[in-house]
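Here is how the chains run, residue by residue.
There are 2 protein chains.
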Amino acid sequence: MQDLFEIDDLDLAGRIGRISTRRGSIETPSLLPVIHPYNQIIGIEEITKIGFRGVMTNAYITLKKYGDEARSRGIHEIIGFDGPIMTDSGGYQVLEYGEIESNPLAMAEFEENIGSDLAIILDTPTGATGSREEAENTVRLTLDACKETLDGLKSRSSMWIGPVQGGQFLDLVDYSAKAISKMDFDMYALGSPTVVMESYNFTLLAKMILAAKTALPPSKPFHLFGLGHPLPLSMAVALGCDTFDSASYILYAKDGRYITDAGTRDIQELVALPCSCPVCISYSAKDIRESQQRTILLARHNLYILWKEIQATKQAIREGRLWDYVGAKARSHPNMWAAFNYIAKNWDYFEKFTPLSKSRGVFVSSSPDDLQPAVQRYDQRFDWIAPKRIIMVLPDNGERPFLLSSVYSKVAADLSNDFSLYYVAIPFGLIPVEISDVYPFSQIVIADDVLDDPVLAERVATRIRNQLKSIKPAKLVLVVNTSAQGQMNDFLRKTLKAGAIVKIDGKEDLVQKIKSATRSKKVKGR
Amino acid sequence: MQDLFEIDDLDLAGRIGRISTRRGSIETPSLLPVIHPYNQIIGIEEITKIGFRGVMTNAYITLKKYGDEARSRGIHEIIGFDGPIMTDSGGYQVLEYGEIESNPLAMAEFEENIGSDLAIILDTPTGATGSREEAENTVRLTLDACKETLDGLKSRSSMWIGPVQGGQFLDLVDYSAKAISKMDFDMYALGSPTVVMESYNFTLLAKMILAAKTALPPSKPFHLFGLGHPLPLSMAVALGCDTFDSASYILYAKDGRYITDAGTRDIQELVALPCSCPVCISYSAKDIRESQQRTILLARHNLYILWKEIQATKQAIREGRLWDYVGAKARSHPNMWAAFNYIAKNWDYFEKFTPLSKSRGVFVSSSPDDLQPAVQRYDQRFDWIAPKRIIMVLPDNGERPFLLSSVYSKVAADLSNDFSLYYVAIPFGLIPVEISDVYPFSQIVIADDVLDDPVLAERVATRIRNQLKSIKPAKLVLVVNTSAQGQMNDFLRKTLKAGAIVKIDGKEDLVQKIKSATRSKKVKGR
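Protein chains in written order, with the numbering used here: chain A, 316 to 841; chain B, 316 to 841.
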């Protein structure tokens, strides 16, 4: 049997994968536009033409409107779409109106009957405003509903999604996720971030996702409810969210709002449309403002930009550039930047997901780029380096890999077992020249002024000091290039406290100094 | 008579404006796609349909191909475009092949004859590889050509553009720009950044633009040759470049390269197209790779993304968000980040351009956001604050503006001439509560962890210490909120060295403490 979720590629905790439903597969990351069962303003054929391969609709609204007729017609005929449909079950209406006229098992049977491909049990969303007691109650009610549904369903043709609740109370999210992970769901979801989103509390959003994801099996797909904005979307993917649903495209449009990469704008404020989608190429901001079709034009644009964001995130995963992508995005809003810094400090979580090698250069602009997995991994595995009696630390002379440099070819024969050359590569620290051609050391792109960042410089210095503890050299010789890199020289002198400092001027001089160091018999203790 | 260049809006040194030519106006910022005079692969009607309103073509190639026929037909008929055409004059060919078969005056007469709207004199580009002596020579030759052309032209119907040379030698750029600014040009241009661009040396690019712009009259439009990439484009606009030309869209396309916001990609590498332009919506990466029309499809996409970048930059100027926009862009590549930091430290240059007030929130994610003009301006104008005998510094309790807070309404009557309340607003420093409702103090959005950035924290501390030197209080009372903001409290205690520290717990307590402080008669020296 085919796996329900196959993962093709990974970066950070983001996955390119395929969720196989009986009506075709959804490629992740994916956003499912929310379709209204009987009052849909943008035609579904338009939505699929953009590229969307799955949609979300609401089973409860369908039940209220069509009743038994829905059972005979089926949801695919009702909304006019033959691809994968995810159905929400009235949980959002519970959040809005307190309760609904149904119960979990009855709703679940209805979702099965109308042919939902990905069905959500009738949950009680935590929301963002209630007390801890109320939040505990929503977790309990949702878990009860999950059990009642899974136990009571006569047959299962839909894939079933278990929603994690708990809201801002992270221990409740953890509790809820652990409990639900023991139930037989095909997929999991995190409830009610919409309200968190509205307050732009992206750090809390990151914490909620991390709390849920660390308690759930990574082999199953993970859905995030109601995130329909390009600003935090790639970050949510990086944290392990595979699918999203959102009505934002139409809700914003009705409100005259135009989504941009970094936020939304009132269409009244725009002089230029910062987009190349078919709508923005055919119409000016003024055209849209004055059009009878304003809502439709805005909704179309909003769908296009969400599509673009999903595609860009997917490509970033493929390239192993998700860190860089999320980092650049994060700089669009201070709350996103704070969230990015929070994520950077929670590297352990990403360790198990991030592939060891992607053939891409490591970009280091400033803190927290020195905390990205590719860097931390080297840091944590430094202990495979064998101790040496004498080490000589060379400046990074820009020849990469050093192993293939003219200097190395001239001194290689002179190196002995108890003498070793290292060079300093910011932000990794000390790199034995023997592995200087290995990814990622040969592919680092660093901002010229990166040592101006004291947070990063201090962390690199700590790394180097820890690395020296592993190497345990009896003698440490620091080579300083007198003709360049004043800042780097100062940094190394301060950090290394070398037993000897050798000044060099040019490549030939470096060759001579290495040769004479290897010949040196006198070894002083540090 | 209408001004040739009208400026409608400003942000940093970027301008939304209109360059009026006899064939309509070009709205700035603007990119002029380069059109080949007889071998153009993308039809001009397609280019104008995207939105481009002006193009660049090459008068020298036109001369070589059509000779006298070009004089009778005119360049507009030849390339099939009736809008503004800028003509290059063979300078690029000089750079490529050493010399060309013409001379400055003959080329200039030809450009006039074929009806160029914006004509560039035949210059000798500096390039990026030559010695200082060679660079000096290009500056001299170009200045001679400018003089010869302007003196010799029988009549002037075209608008004439004077190209600044000097390349990486910034003193030569300065010299060249000063000399050319004294000549009667309608517009100026900066030569040969293409080669600088190719090495991604964006800091050098920024230095070259700054060197040229500071020596040229800001009232005239400024063109940057050969910058055809979304990555540094907004930065160049922020530095005062109004127009660009580029053949990158077609050169990259011929090479199978697809432009993205953050760089270019080989179309072979793409799994998802990170774009919503009509090409990327209609075709998959695989479709494009396998299409007979590959070059055309790529060129179209490349044009769409360049168009989007210009539009996004224009909208950022309108919103007063150019700083944020360039900053987010800069995080896509370490060399851009270094350039952004370089720009941040050259605030003086922007001082005269940036409007005093734009109704937008000031975003502060981390250093160097504390160096943006809106912040530095307050810093430099702090001396209009009158000295006070006693000052009380309040924590920012999130009530903005403080002037309209319940606390202030209860204590306002008690404040006397020699007693003043300040609150601390990162990154501005001390703000008198009386102006707390003034832009931008009431509209700051700061990352929660911003004080984790020691560079920013230290600059804010220096600001506060300098502000205290202006206020010269005999007594300084620091109010500390015991229930929150531990990091902020520590920062203030360390920075302010207050004569007294008052702990408060809640709003009512704050009201009481302010009242008792105003009643205090005892004033100690610091």
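Hints in this document: simulated from the structure, not taken from any laboratory. Note that the coordinates shown come from a computational prediction; the quantities given were computed from them, not determined experimentally. Keep in mind that the hints are not guaranteed to be accurate.
Since the list gives no way to pick one copy over another, a pair counts as held whenever it fits inside one copy or between any two copies.
Think about it this way: if two alpha-carbon atoms lie no more than 30 angstroms apart in a straight line, the pair counts; the simulated DSS-like pairs of lysine-lysine are [stated by the list, open to error]:
#1 K535 / K601
#2 K725 / K462
#3 K822 / K809
#4 K462 / K787
#5 K601 / K462
#6 K660 / K784
#7 K830 / K535
#8 K469 / K784
#9 K660 / K809
#10 K522 / K379
Now the hints, each set against the structure:
| no. | hint | in the structure |
| --- | --- | --- |
| 1 | K535 / K601 | between (46 angstroms within a copy, 28 angstroms between copies) |
| 2 | K725 / K462 | neither (71 angstroms within a copy, 56 angstroms between copies) |
| 3 | K822 / K809 | within (24 angstroms within a copy, 48 angstroms between copies) |
| 4 | K462 / K787 | neither (58 angstroms within a copy, 69 angstroms between copies) |
| 5 | K601 / K462 | neither (53 angstroms within a copy, 45 angstroms between copies) |
| 6 | K660 / K784 | within (23 angstroms within a copy, 39 angstroms between copies) |
| 7 | K830 / K535 | neither (57 angstroms within a copy, 61 angstroms between copies) |
| 8 | K469 / K784 | neither (63 angstroms within a copy, 78 angstroms between copies) |
| 9 | K660 / K809 | both (26 angstroms within a copy, 26 angstroms between copies) |
| 10 | K522 / K379 | neither (36 angstroms within a copy, 66 angstroms between copies) |
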